[in-house]
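Asks: Residue numbers (the working numbering), protein chains in the order written: chain A, 1 to 465; chain B, 1 to 465; chain C, 1 to 465; chain D, 1 to 112; chain E, 1 to 112; chain F, 1 to 112.
Be aware that a few hints might be false.
Claimed, not checked - Lysine-lysine pairs mimicking DSS-like chemistry, simulated, CA-CA at most 27 Å apart:
#1 F:Lys82 <-> D:Lys72
#2 A:Lys382 <-> B:Lys423
#3 C:Lys47 <-> C:Lys232
#4 F:Lys40 <-> C:Lys234
#5 F:Lys82 <-> C:Lys234
#6 F:Lys17 <-> C:Lys234
#7 C:Lys232 <-> F:Lys82
#8 B:Lys47 <-> A:Lys47
#9 A:Lys232 <-> E:Lys72
#10 E:Lys72 <-> E:Lys17
#11 F:Lys17 <-> C:Lys232
#12 B:Lys202 <-> B:Lys47
#13 D:Lys82 <-> B:Lys382
#14 B:Lys352 <-> B:Lys423
#15 A:Lys232 <-> A:Lys352
#16 D:Lys72 <-> B:Lys232
#17 E:Lys17 <-> A:Lys47
#18 E:Lys40 <-> A:Lys234
#19 B:Lys352 <-> B:Lys234
#20 F:Lys17 <-> D:Lys17
#21 A:Lys47 <-> C:Lys232
#22 C:Lys47 <-> B:Lys382
#23 D:Lys17 <-> B:Lys232
#24 A:Lys232 <-> A:Lys423
#25 F:Lys17 <-> F:Lys72
#26 E:Lys40 <-> F:Lys17
#27 A:Lys232 <-> E:Lys17
#28 A:Lys352 <-> A:Lys234
#29 C:Lys234 <-> C:Lys352
#30 B:Lys234 <-> D:Lys17
#31 B:Lys234 <-> D:Lys82
#32 E:Lys17 <-> D:Lys40
#33 D:Lys40 <-> E:Lys40
#34 E:Lys82 <-> A:Lys234
#35 F:Lys82 <-> F:Lys72
#36 A:Lys115 <-> A:Lys202
#37 D:Lys82 <-> D:Lys72
#38 E:Lys40 <-> F:Lys40
#39 B:Lys47 <-> C:Lys47
For the record, the hints were derived by calculation from the structure and aren't laboratory data.
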Amino acid sequence: MTTTRRSTIALAIFFLVLSISGSALVWAEQAPAPAAPAAAAPAPPPKIDSGDTAWLLTSSALVLLMTAPGLALFYGGMVRSKNALGTIMQSFIILALISVQWVLWGYSLAFGPDKGGIVGGLEWIGLQGVGLQPNPDYGATVPHQAYMVFQLMFAVITPALITGAFAERMKFSSFIVFTLAWATFIYDPLAHWVWGTGGWLKNRGALDFAGGTVVHISSGVSALAAALIMGKRKGYGHEPLRPHNLPLTVTGAALLWFGWFGFNAGSAISAGALATSAFVVTNTATAAAALGWMFSEWAARGKPTVLGAASGAVAGLVAITPASGYVTPMASIVIGAVAGFLCYTACNVKTKLGYDDSLDVVGVHGVGGTWGALATGFFATKTINPDGGDGLLYGNPGQVGIQIVAIVASWVLAFVGTTIILKIIDAVMGLRVSADEEMAGLDLSQHSETAYALEGQATVGSGGR
Amino acid sequence: MTTTRRSTIALAIFFLVLSISGSALVWAEQAPAPAAPAAAAPAPPPKIDSGDTAWLLTSSALVLLMTAPGLALFYGGMVRSKNALGTIMQSFIILALISVQWVLWGYSLAFGPDKGGIVGGLEWIGLQGVGLQPNPDYGATVPHQAYMVFQLMFAVITPALITGAFAERMKFSSFIVFTLAWATFIYDPLAHWVWGTGGWLKNRGALDFAGGTVVHISSGVSALAAALIMGKRKGYGHEPLRPHNLPLTVTGAALLWFGWFGFNAGSAISAGALATSAFVVTNTATAAAALGWMFSEWAARGKPTVLGAASGAVAGLVAITPASGYVTPMASIVIGAVAGFLCYTACNVKTKLGYDDSLDVVGVHGVGGTWGALATGFFATKTINPDGGDGLLYGNPGQVGIQIVAIVASWVLAFVGTTIILKIIDAVMGLRVSADEEMAGLDLSQHSETAYALEGQATVGSGGR
Amino acid sequence: MTTTRRSTIALAIFFLVLSISGSALVWAEQAPAPAAPAAAAPAPPPKIDSGDTAWLLTSSALVLLMTAPGLALFYGGMVRSKNALGTIMQSFIILALISVQWVLWGYSLAFGPDKGGIVGGLEWIGLQGVGLQPNPDYGATVPHQAYMVFQLMFAVITPALITGAFAERMKFSSFIVFTLAWATFIYDPLAHWVWGTGGWLKNRGALDFAGGTVVHISSGVSALAAALIMGKRKGYGHEPLRPHNLPLTVTGAALLWFGWFGFNAGSAISAGALATSAFVVTNTATAAAALGWMFSEWAARGKPTVLGAASGAVAGLVAITPASGYVTPMASIVIGAVAGFLCYTACNVKTKLGYDDSLDVVGVHGVGGTWGALATGFFATKTINPDGGDGLLYGNPGQVGIQIVAIVASWVLAFVGTTIILKIIDAVMGLRVSADEEMAGLDLSQHSETAYALEGQATVGSGGR
Amino acid sequence: MKKIEAIIKPFKLDDVKEALTGIGVIGMTVSEVRGFGRQKGHTELYRGGEYTVDFLPKIKVEVVTPDNLVSKVVEVMASAAKTGNIGDGKIFVHPVESAVRIRTGERDEAAL
Amino acid sequence: MKKIEAIIKPFKLDDVKEALTGIGVIGMTVSEVRGFGRQKGHTELYRGGEYTVDFLPKIKVEVVTPDNLVSKVVEVMASAAKTGNIGDGKIFVHPVESAVRIRTGERDEAAL
Amino acid sequence: MKKIEAIIKPFKLDDVKEALTGIGVIGMTVSEVRGFGRQKGHTELYRGGEYTVDFLPKIKVEVVTPDNLVSKVVEVMASAAKTGNIGDGKIFVHPVESAVRIRTGERDEAAL
Ligand SMILES: Nc1ncnc2c1ncn2[C@@H]1O[C@H](COP(=O)(O)OP(=O)(O)O)[C@@H](O)[C@H]1O
Ligand SMILES: Nc1ncnc2c1ncn2[C@@H]1O[C@H](COP(=O)(O)OP(=O)(O)O)[C@@H](O)[C@H]1O
Ligand SMILES: Nc1ncnc2c1ncn2[C@@H]1O[C@H](COP(=O)(O)OP(=O)(O)O)[C@@H](O)[C@H]1O
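For reference, chain A alone in the conformation it holds in the complex:
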């Protein structure tokens, strides 16, 4: 069969990459053994702090939880039951794919030695030179690999966010290729621009504490490109394409809230005042945004929905992300409440514009991330973080300009890059499942599974092993 053949080739390539890079590097690493004993006898200056490391590892685990099961459930509950597993799978397998991509080449591209402010070099491929001693550029009190694995989790969740835009209709094989290409050509460079030592946006002073541009604008804008290119789901506009299991969705939203403490407060790369401040404003903005969305909807349509409250919370988490290390709790209420209202409005506008961004990645991450990046330019204050900057409201209007540059740059890279990647994949192997497969659902057509067999198994199957 075609599928089998193509997948076998995929497999072959995969294991080839693995064995080459893997075995080669095991030995490459073994070679500089003289360097490694340094791990046992650390040079005096950068000293690992157990509290900071504990918090960074905890945070890394929390961010992993955001993708799976957090996002997997948040999205999985919102699709129709015939696509439940396929949707969950996209988040889950991105976790696997990017975890390998990142240690092999992703981290090097994003954080490796700077090449012209645009991208990291390949010197750190296979984590060569990324050891267990602190790298003061990225965290003076934690092992370099701890920083690496924390950043890995960000690289994982970002493409996972995009999957909401093309839910219920993308071919699994094309999706895998897209994910690897997107991570390599869009995420890794953008992370370098903003966070990498020498990155051009970092050098300009753009403030993005935990990923407003790198994570949310990039995913939200890529989602827009994807929704436009992929086209609408069958039945869009006349069939009710409604969520099949909202308790899963709310569970996912709550896990996102929980995990986001790692995302934002973990971005302090230490466990002290800054992490605490980020923790507090994250919680406050999220709460205000949940209320903002809920009350907006209540006023506009007469009912406060549960999905609305959950979506509002996510919108607040998104918006506070870039600001979380720079603003006061009171500012975070404003950032959150506005985010709730704005993103609610954006989701309504979408319905009028007519593109099918199935799970509202544009309305939540694109709009919320842009608002957050901008709001950072308004509300940032050095009283919270002396290493940050002051915003418009603290007498520095220039920061808004810098933020706008960062926003525009991210929009352009994400939109153009995603469009190119998807067009190429479409030409080579196609993006969408066939009409019949879409009707049957991703679970059956892509994975030969069904999500639920809740009652009377006897009616649904037959035949043995």
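Following the hints, position chains B, C, D, E and F with the ligands against chain A.
Replies: Frame of chain A, contents of chains B, C, D, E and F with the ligands only:
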């Protein structure tokens, strides 16, 4: 429409409060900018410890998880499917509401400068003066805001616990008003009595490590008042009002167990011997209580139920809470096993008394919390916590007396206060949904949503966007 | 009724044990009060580190989460809906049972003063002498009880893993007896052999960082014995015994991944370079294994399944466990990818061999654990962990031999021990539910409950309280 | 023999069952169905979207009875299921030609 | 009166409902069923196992109508439910002897 | 044509399906129902409460066949579904007036 109009007003009020307090305070905070640089150059005495801070932030996140998704699922699985979302929503939106209430005025009322032992002053409103340096009264090695946000999570879960008493029949708008009033007039003062510097129960030496009185008695007793005032659900006593999704309930119980380590061991406000001891006794008591309930039910009815084991675990968590910083592991087995048996019995007695405390908040939190507060008076020992006290079994019968004072005071405040609040709301806007709405379920009537569309979506909907 | 009578006896025994040991020990502990004040005034040498303690407590909580809800959902979703609760209950109640068993006698048997390399003595029964100061043998910077409770979580999950082998057919009462016996006679001694000070395998230099032999080989091989002795489920081979709720299963797998960071990185018993390294290789191996399984299945059967990817992740977690403190990230890719392929193959081979290991405990834990223990002998390197050892690829072929000794010893103890225990229980009280009970499902027959009442409650019940 | 098929509101099932057992009916089969009729449905909200759900949950009760009991059963069902509000449902009577009790092989009225 | 019972593909329900209301049918009852027929099922994979699922999801639509409308209803249903592919389903016509509207007690055609 | 409707124990569906295909039946429709009858239900426990559940899960199998096959089908179903224990279920035979295959428009016996 009435709903729309009323909600618009609600919204207006909400944003008014936000904008006034919000904007006002952003500037208020900006003003004492000279004070803030202190954050950058801390005074020598109180030094932030990264390990303690890491643990406190982790614990705060864990306690958030207890409310959502923990309690949301625990309760959400126990109601009928037509009320699943409405029930989950109550926990979720309390998290949003109280997160804002607490930073605006709640923390100040509870922990602000003491006014006569009864309540905290308004000096800390909008977190003015609650900064990133330690406040030695509440935690000498962690940022003051870290303590604040940890306590926030307690303020969130307490009213969420009450929702089990009036499940499946309360109007959502009335519920929101109730939550805000209850938090402000009952929770905040009670927290001050027991934990606030200068609180009268604290001054008397009442021992409540993590919230036996403040959290569990207050919620359990308020639940009793609420169940009596709200009346029974339609169909109570002849229709089977049985749980619709017990796997969710067990998941919720397990998440409560997990998160409760933050609740109890986090209450040490440091990561050392005391936190470890609290962690160990929490786990042991919970286990013993799960067994205690299960074996009691097995003996009494011939079958050990899964819901029974899960409920027993929660009963054990409740009972060990006040004692968790003061008792030995062996004592915790006794506290837990007795809790399992007592709370099982209480749930059976309820059926005979005939009030409809739908999800047994009285039987679990009221009875369990009271037992725990009392047991603390028996089993506390200074060998575990020199800052605590000795109980009856360690030669200090007086402690039991003090505990009884605290128990009675909490019972009275919670019962009388809740009754007054509910009566007023009932008079002003009504408490219960209409009979038709109750029949249709909260999901549809309050939120215009349904929880599940697990199969054949086509049969359940029609019409487009 | 027989059930009631038997259970009452069980209850009696349980409370007897509790009251004797419990009360006795409360006083026993009270007696050496002079020793306890030491807690307040610690001797200078071993100093508690707050960061290490924070990480160990966090890790303990994470490992608890692995069992419930992690494993409970992973397994619970894979059975038919009529057994969902019964399956979830097995994990949940093991958590309760072993939590009590461990503090009463389990920890003492496993880690207490060595008796001939075979087992720990009873000196630490009821945690006597296991205090809040560090025990340098097991962790020089954390309270001894923190180490104890971390190890408790391992003792909990190991028997829970076995339950997958006899899913859908074991009597609940017999299951409880089995669990207690298995923990006492197999787990506790084996943990002593490998990790206890003086244990004979530890003395020989067997490397098992976080439980390849103690946890995975022991559970996987016991599962094999159990599957053989219990026999096949009714309908095996002609009815479709397929998973009833795969979203639960994937959620469980993701929670396992999340919690496993505590399992492996927590096993460093400190928050620094070693924990970081363990964290990184755990994540990498898991990802590679998920891909390994998925691509193997895709190539072999033409479709990549979601259950396959989730199973692969678990296989990777299993395989990296023993190696996690000793190997490089590149080695972990190889270990993981091979584990995914091997365990996938093992699950297919099972179908041919014909025993009914219902949820593939042998194929995943037995095979994966054995591979991991072996791989440790290949890939271990002192550059990662100077306290570990070098493996074959680092010039020390002897390590492979030592690993094989440990593997064989674990296989023999687990297989022989489990067989004996099950045969005795079968003779005394029977192992399997009756044919009618199996048909009705464990939920109804063992617990008088049903998992779901998702729609039209009216149709499924009647009668009141 | 006839099959009497009633489409009723779900919360009325218990009353109907009791009314039927009250007149000696000892067997029935019920299932969950969705009804479309004069009773209007409800609206659901989902972010930007609004759906009208016009299929409402109903219960179908099927009872096969000897001819002589038909009118009694219909009457009893109708009164037990009645709330007087729109959407109470319908009762239909169908002919049945024969019946078998699987366990014993008994036929027709003896099979009921 | 007759009961017209159609077994259709699930995604065709909306079309069928609209076609029926288009010709003035104002009531119907639908339920989820599984069909076995010429249309072949699919395979599911589960670790070591492979299952053939040959019962496919279908929707049953039941409409009771006066005799004179039967052929119209059948025709309209058949054309609305048709895709031309295997598995489109069947329409069966059954006799109905009487009908009652529970709310009012109206009988037979007045009850529809 | 007749419609043969069997209410059976769920785990017997496979046997019944195989028996039917064995005698050349190539189509059938099944659904999940709940049955109330002589077979007694079970008790469920829920904290302070105890419920009796007396509707038990059953499967309804519907097969429309030409008249000449009816007795064969009934016989085969009855023997395949039999365990000999209470609750095995019933088989009812109903008249069917016409049938249509939606895909082709074929009528009556040709439609089956
Ligand atoms: N012609 C019909 N054929 C089959 N079922 C019908 C028909 N008309 C109504 N029903 C069923 O009866 C239910 C109640 O009908 P409806 O018109 O809403 O109210 P009422 O019973 O008060 O007239 C519908 O939901 C539907 O299930
Ligand atoms: N003899 C029958 N009795 C009852 N239902 C049938 C019968 N034959 C087919 N069906 C139903 O009709 C559906 C479609 O039939 P199938 O043979 O697959 O295709 P087609 O309708 O194109 O002939 C089946 O899934 C089944 O539900
Ligand atoms: N009069 C009836 N009308 C419709 N269905 C019936 C009737 N009597 C029994 N049934 C169905 O048949 C099933 C089995 O009947 P029951 O009396 O329990 O046992 P048995 O089939 O052995 O007589 C019931 O669960 C119910 O679904």
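Asks: Run every hint past the structure and note whether it holds.
Replies: Now for the hints, and whether the structure bears them out:
| no. | hint | verdict |
| --- | --- | --- |
| 1 | F:Lys82 <-> D:Lys72 | 32 Å, violated |
| 2 | A:Lys382 <-> B:Lys423 | 48 Å, violated |
| 3 | C:Lys47 <-> C:Lys232 | 54 Å, violated |
| 4 | F:Lys40 <-> C:Lys234 | 23 Å, holds |
| 5 | F:Lys82 <-> C:Lys234 | 18 Å, holds |
| 6 | F:Lys17 <-> C:Lys234 | 19 Å, holds |
| 7 | C:Lys232 <-> F:Lys82 | 24 Å, holds |
| 8 | B:Lys47 <-> A:Lys47 | 18 Å, holds |
| 9 | A:Lys232 <-> E:Lys72 | 35 Å, violated |
| 10 | E:Lys72 <-> E:Lys17 | 14 Å, holds |
| 11 | F:Lys17 <-> C:Lys232 | 24 Å, holds |
| 12 | B:Lys202 <-> B:Lys47 | 26 Å, holds |
| 13 | D:Lys82 <-> B:Lys382 | 68 Å, violated |
| 14 | B:Lys352 <-> B:Lys423 | 26 Å, holds |
| 15 | A:Lys232 <-> A:Lys352 | 14 Å, holds |
| 16 | D:Lys72 <-> B:Lys232 | 35 Å, violated |
| 17 | E:Lys17 <-> A:Lys47 | 72 Å, violated |
| 18 | E:Lys40 <-> A:Lys234 | 23 Å, holds |
| 19 | B:Lys352 <-> B:Lys234 | 18 Å, holds |
| 20 | F:Lys17 <-> D:Lys17 | 31 Å, violated |
| 21 | A:Lys47 <-> C:Lys232 | 57 Å, violated |
| 22 | C:Lys47 <-> B:Lys382 | 21 Å, holds |
| 23 | D:Lys17 <-> B:Lys232 | 24 Å, holds |
| 24 | A:Lys232 <-> A:Lys423 | 16 Å, holds |
| 25 | F:Lys17 <-> F:Lys72 | 14 Å, holds |
| 26 | E:Lys40 <-> F:Lys17 | 15 Å, holds |
| 27 | A:Lys232 <-> E:Lys17 | 24 Å, holds |
| 28 | A:Lys352 <-> A:Lys234 | 18 Å, holds |
| 29 | C:Lys234 <-> C:Lys352 | 18 Å, holds |
| 30 | B:Lys234 <-> D:Lys17 | 19 Å, holds |
| 31 | B:Lys234 <-> D:Lys82 | 18 Å, holds |
| 32 | E:Lys17 <-> D:Lys40 | 15 Å, holds |
| 33 | D:Lys40 <-> E:Lys40 | 38 Å, violated |
| 34 | E:Lys82 <-> A:Lys234 | 18 Å, holds |
| 35 | F:Lys82 <-> F:Lys72 | 16 Å, holds |
| 36 | A:Lys115 <-> A:Lys202 | 14 Å, holds |
| 37 | D:Lys82 <-> D:Lys72 | 16 Å, holds |
| 38 | E:Lys40 <-> F:Lys40 | 38 Å, violated |
| 39 | B:Lys47 <-> C:Lys47 | 18 Å, holds |
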